[in-house]
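Chains as they are written, first to last, in our numbering: chain A, 1 to 846; chain B, 1 to 320; chain C, 1 to 293.
It should be emphasised that the hints constitute simulated quantities derived from the structure, not laboratory data.
All values reported here derive from a predicted model rather than from experimental measurement.
Every residue, glycine too, gets a C-beta built ideally from N, C-alpha and C.
Keep in mind that the hints are not guaranteed to be accurate.
[Unchecked claim] Chain A stretches covered by chain C per the calculated footprint, using a threshold of three residues with CB under 8 Å from any CB of chain C:
{"hint": "1", "stretch": "6-14"}
{"hint": "2", "stretch": "32-44"}
{"hint": "3", "stretch": "720-727"}
{"hint": "4", "stretch": "755-761"}
[Claimed, not checked] With a Cα cut of at most 25 Å, we get these calculated BS3-like pairs of lysine-lysine:
{"hint": "5", "chain 1": "B", "residue 1": "Lys301", "chain 2": "C", "residue 2": "Lys264"}
{"hint": "6", "chain 1": "C", "residue 1": "Lys264", "chain 2": "B", "residue 2": "Lys305"}
{"hint": "7", "chain 1": "A", "residue 1": "Lys599", "chain 2": "A", "residue 2": "Lys578"}
In case you want the letters, here they are:
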Amino acid sequence: MAEQHPVGFQWVVEAQRRGAKVIHVDPRFTRTSAVADLHIPLRSGTDIAYLGGIINYILTNHREFREYVVAYTNAATIVSEEYVDAEDNGGIFSGFDERSGTYEVSSWQYEDMEVASASGQHEMGAGLGEQHGAHGGSLEHGQPPSEDPTLEHPRCVFQLLKRHYERYTPEMVAEVCGVPQELFLEHAEALCANSGRERTGAMAYAVGWTQHSVGVQYIRTAAIIQLLLGNIGRPGGGILALRGHASIQGSTDIPTLYNLLPGYIPMPHAEHYEGLDDYIDKNAAPTGYWGNMDAYMVSLLKAYWGEKATAENDFCFDYLPRISGDHSAYASVMDMLDGKVKGYFLPGQNPAVGSANSRMHRFALASLDWLVVRDFSLTESAAFWYDGPEIESGELDTPGIGTEVFFLPAAAHVEKDGSFTNTQRLLQWHDAAVEPKGDCRSELWFYYHLGRIIREKLATSDDERDRPLLDLTWEYPVQGRQSEPDAEAVLAEINGWKADGSPLGSYTEMQADGSTTGGVWIYCGVYADGVNQARRRRPGDEQSWVAPEWGWAWPANRRIIYNRASADPDGQPWSERKRYVWWDAEQEQWTGEDVPDFKASMPPDYVPPDGSQAEDALSGTEPFIMQADGKGWLFVPNGLKDGPLPTHYEPHESPVTNPLYKQQANPARQLAPHRHNPSNPSGGGGENPYPYVLTTYRLTEHHTAGGMSRTVPHLAELQPEFFCEVSPELAAERGLEHGGWATLISSRTAIEARVLVTDRIAPLRVAGNTVHQIGVPYHWGFRGLVTGDSGNELLGVVMDPNVHISEYKTATCDIRPGRRPRGPALARFIADLPRADDAPTEGGDS
Amino acid sequence: MSGAPVSGVSPALAGDGRVQTSDSYYGLPIINEPVWTWEIPVYFFTGGLAAGSALLAPLADRSGLGELAQAARRVGAAAALASPPLLIADLGRPERFHHMLRIVRPTSPMSVGSWVLAVFVPAQLGGALLAELDILPGLRRLAESVAAALAPVMGTYTAVLFANTSVPIWHEARTELPLIFAGGSAASAGAAALLVAPVDQTEPARRFALLGGLAELVGTQLMQRRLDELAEPYQEGEASTWSHRATGLTVAGSVLLGLGRGGRGSRRGLALAGAASMLAGAMCERWAVYRAGFASARDPKYTVKPQRERIERMNGSDSG
Amino acid sequence: MSAGFTAPSATSGYDDAQPRMGFFTDTSVCIGCKACEVACKEWNDIPATLFEFSGKSYDNTVGLGADVWRHVAFIEQRVPRIQEAALSGVFTEERPGEGGEGGLADFRWLMSSDVCKHCTTASCLDVCPTGALFKTEFATVVVQEDICNGCGYCIPACPYGVIDQRKDDGRAWKCTLCYDRLKGDLEPACAKACPTDSINFGPLEAMERMAAERLDTVMAAHVPGAQLYGDGPSGGMDGVGSLFLLLDQPEVYGLPPDPVAVTKHVGQLWRAAAVAGAALVGAAVASFAGVRR
Ligand SMILES: Nc1nc2c(c(=O)[nH]1)N[C@H]1C(S)=C(S)[C@@H](COP(=O)(O)OP(=O)(O)OC[C@H]3O[C@@H](n4cnc5c(=O)[nH]c(N)nc54)[C@H](O)[C@@H]3O)O[C@H]1N2
Ligand SMILES: Nc1nc2c(c(=O)[nH]1)N[C@H]1C(S)=C(S)[C@@H](COP(=O)(O)OP(=O)(O)OC[C@H]3O[C@@H](n4cnc5c(=O)[nH]c(N)nc54)[C@H](O)[C@@H]3O)O[C@H]1N2
Ligand code: SF4
Ligand code: SF4
Ligand code: SF4
Ligand code: SF4
Ligand code: SF4
Ligand SMILES: [Mo]
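Starting from the given sequences, assemble the full structure and let the hints guide the process.
Here you go:
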């Protein structure tokens, strides 16, 4: 965190000053470890085993926060008897289909509950599974699942959890992760000691946890721990996802993702819907806040098509583009290679460096008809066709590349108005400091004027397929010499209006009858009273410690979501120290430091009458309002593609044979078989031709693919050359010289790096043998002030099945002293590299 | 970081600057090396030569050694003439040389030196010119006595300039350096005059050179004794070569001059050789001191060790 | 010992309305993000120079100089070095609750942001023949770039190796303690940019107090090698404007353990010169002894 979020890290230091204990779990000793109270080195790719060990520690020592667990999680819920746990089946859960490498989840359901439609992703059939809502499973209302509050029932979630993690002992953690037991135990104990009624503990993670073929399950494991310890919905608790690009959170909320509409509403699939009602039916959860999905969806459609959207025409539901399968970044790249994708748009992305197997990526770009790059400089992705390594190696030649590349200079964040949404869901507005130079233009300018021009060109068309474009609401005030659209006008549209044109104050005001508009239901309220709430900057010392008047947080300016859990079932704070929101009996109101997560007037003892809908169907003691059953899910009956409980699998590429299960890697992981995307053989320890664990990461001094740092002298000079981090032991083993050159090799290619020998990446004892890890920052490329090979040349593409994030964090490689072959010699070298007999046997398929 | 190896350094890696030692940051210097280039030591030589000559001339004149006086004047004038350009050439911003005369600052030998030079050079040149033209003897004598009065400063301030830095081998030799430089000044001036003037008038110049040479040799010995470990650069490395040359040449010069007494015929040859050797010795001595400064600044141990010892001593006295 | 020579730098020559300003850099919370280095270069428009992998941990700018006015040092340490460090600190007991040898963590990574010390008796200023270097009303030491003629004297004079010559430019450059920002009531760019408050800026007294308090805290936490660095009024520099909390001996960070301003000996020097000068005259006169016509 100190490395990648230095400014945010000031609060960690602040907490430390106030007595907080900071523990850093990372294969390498980083700048974060340097100031942490404890650093725990582990083998990259084994956190589920590690965190599973903590779950085991909690359960075997009865350290869970009982009242919280019983009241607020699905621990008591009883699961269908068809369910077979991975423990009893060599690491595979019931419902797995070998052929397709996917799960059919009916056997994971709660007992005697019909499998109700599950918000956006219940049908795991290829395409529809791609629809992606943020919401979990759903229940037929009025049919609460059978529960056992004593948590004794052999098939209640609590007992399943116990059995599933029984073997995740401190010994096993040491065996799998290479973490000495005393270190692990110190961590586990510290976590428990700082949880419960009086204390809370938080976990912060970023891509060290997500960039795995089991990335989503990493976070699930953390969620289980935090739910067991009662650290969700309470001050000082939580799981903090440290995000990436400055507003990457914003671009998930108002998604740049192909399978989501704004506010995590699933993108409709091509075949599957009769119309709007059918779509709502299949996707809305009848209970919980997703019960109002119709209101959110209709308001969105109204925001898109205004008065053109009427009840009669399904509010133009059919104007929406539809998805027909996996159109994620890597899937598109594979389609480019197969000539199925002709054109590509890169508005602020540099995949020729930043994407796994960047070499394959460049081949893909070379097979396009056209490519548009909007960026500050001619990045590797814009210049691959004349400056790329494949030109040097002779595998591609400029005249032979048919891709027509358009470069459009972009304006930077200081040159435009707009908002950043950070990891806390906090929107902070920023105003342009200077006008963009020359032809540089903002995204807003670009898309607005692009739309305007297309609409002008089509104005006379009576072709049906042009209606969606022509019927769009596309009037925004423009200002300045460059006729820049007014960003606040867009914010107002995102917030939405009532019929009378006055701004909405909250998403609870949204209607399904078309009387309200609203671009992003979760952002509704950011423009309440016609005021840009995100611009608020009241200093912390002039308001309560929660600082509700600094910027604006979605939803409803709520700073901690699920905050009902900060009070006990009776609505009283678990402890005075940790009071946050509570029920005031006299006032008949919820009061406290933050905006409650539900109707402020709903008493703790509220029980939903039969037939009640949406949030009204949740009782006064169900904090997790976005879940159909209002409970925190220890066990996920629905919504995940690779199992209801996190399970340790080895990374797709690992020198180690899975010590826990017969199943080596995540059976449902997503592969991308292609001659440019071979895999290294997995398992087998020393026999493995790629015996070392490779991990990639960032340096504070650079930014991602380098377009914003290798081009800036004051940053470039701080880390001028691509290097790899190796332990003195590995250096001795391979004769690597500190400061000299090394060649790193995978089945994809070979790259060269300067050698930084350091004790910060110590060898680990795993399953009885020494495992060496090699660290590689991924920022370098072939352009800019400082250049070097990219770490991504080494990586293959293999993905988490839920979100298609690729396994950037863990792979295998070999390392040798000296520089790599160049030019044609490199191409010949690659041809001879050992590969796994492709498409590994255990399941998976993209 | 638990699990980090204690004996992790393979022989292959030893001394690669990766592993931290207790007495430096990757062996990097603590103080900055001087940025002065060759002009400075050469100026130190010409300045010293001019200073010595500025003393010889009037004394010779008063002693009725007209030609010796004339020789000293010419040598001095030449040396004085060469000095300012050398100084200016070394500046990072030569066009701003006159900024030297913005202030007077006794804690800055360079400031003092600049002012002295500003008066000395005109006086020296003026005196010499009037002598050549053989006019205005009164004014000439005035000019020569001004130059002579400033000569002792001219001959020694350059030593103060070096010593008044944080370069250990210069700063710690602060009591001896002036003597060495003064010696060099006398040795070079005497030797130069001896080369130029007619034999029958050169005896004082010879003595002057001998005394100078003696001072240089004694001073150098005293300096190295005081510097002790810090003197290392004079004993090994590039500077030591120059230092040894300097001593060799000065010793040889002194011997030859000693033999070349009263020098007629072959003796005359010895005397001339001795003089040349003296001159070269004086130049080498300046160069040796100059180069030694770089070596001394470059290695942190010269900076750290004495300071550590000082701390130890103080702690000792505290507890004592 | 300065024998009648009062250092020009010692007296700023301003009426003391304005308190002396300075830094306290607490290296125990430095995360090595180099924001200070970059902020300094951005604000002061300092060119980037080196583009070379140094192999010195994460330090590639290597040291203070004409083009690096804030410099972050990176030091990787193992036992036994850490134990030696502990012995050099203000207390030497073991740190409880830590794995590794002797109760000390068996590995640590020290980071420290170095800067000009803005000395009370500033050798750089005292030897400057042009007056380009001067003491500001904040008692900080600043080069006037329009005066400096690149004589180079300040460079070997500085006991900390701070000020240096920019080769292509010829002049000497160093930290100005953001004189321009201070005049505008802004804190220095480096301090402003520091996320963890490793760099603290304010009136020197306040900094001294803060340093003392912080030392107590880290001592209580048994951080090995903790020690304050920054010459006191009685020291060789008569005090400095930049204080540090270090976790090992100064020289480990490339700092002189006990510097003395050259100015302290300038009197001694002139006296030695006077003697030598007299000797020179004496020798000259002696050379003419008995020579008469
Ligand atoms: N200075 C700077 N800041 C940035 C960025 C940048 O490029 N430069 N990028 C931004 C972006 S886009 C993002 S997404 C974030 C990413 O922020 P981070 O996730 O912090 O970035 P990384 O360095 O990629 O990964 C963090 C750590 O994960 C460790 N790691 C590797 N494998 C494992 C594992 O299996 N388990 C565990 N526990 N740790 C592992 C690595 O050693 C590394 O130290 O940073 C953002 N901030
Ligand atoms: N090996 C390895 N690979 C990784 C990762 C890893 O940890 N290891 N991390 C992954 C992660 S988390 C991420 S986010 C990706 C990032 O990978 P990319 O997003 O491909 O790389 P960036 O350099 O962030 O590309 C962003 C580009 O946008 C440009 N830009 C900045 N602002 C604007 C703007 O306002 N408008 C426009 N049009 N352009 C702009 C920048 O100049 C830059 O070139 O890398 C991924 N790749
Ligand atoms: S770059 Fe922005 S997001 Fe990243 S640490 Fe700095 S301030 Fe925070
Ligand atoms: S540290 Fe050096 S440069 Fe800075 S004021 Fe002191 S002597 Fe001058
Ligand atoms: S280099 Fe400039 S600042 Fe330094 S002493 Fe000379 S004139 Fe003064
Ligand atoms: S005070 Fe100003 S000039 Fe000095 S280091 Fe900090 S930013 Fe640079
Ligand atoms: S900005 Fe602060 S934390 Fe970052 S390197 Fe500089 S001193 Fe250390
Ligand atoms: Mo990211």
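Okay, the hints, checked on the actual structure:
Check on the stretch 6-14 of chain A: 5 of its residues sit with their Cβ under 8 Å from a Cβ of chain C, so the three-residue criterion for coverage holds. Closer than 8 Å: that is the beta-carbon criterion, and the stretch 32-44 of chain A has 4 residues meeting it against chain C, so the requirement of 3 holds. Counting residues of the stretch 720-727 of chain A whose C-beta sits closer than 8 Å to any C-beta of chain C gives 3, which meets the bar of three, so the coverage hint holds. Under the rule that three or more residues need a Cβ within less than 8 Å of chain C, the assignment of the stretch 755-761 of chain A holds, with 4 such residues.
As the CA atoms of Lys301 (chain B) and Lys264 (chain C) are separated by approximately 22 Å, the hinted pair is consistent with the 25 Å bound. Our distance criterion of 25 Å between C-alpha atoms is met by Lys264 (chain C) and Lys305 (chain B), whose separation comes to about 20 Å. Annotation: proposed proximity of Lys599 (chain A) to Lys578 (chain A) holds, straight-line Cα distance about 22 Å (limit 25 Å).
In this structure, none of the earlier numbered hints is contradicted; all agree with it.
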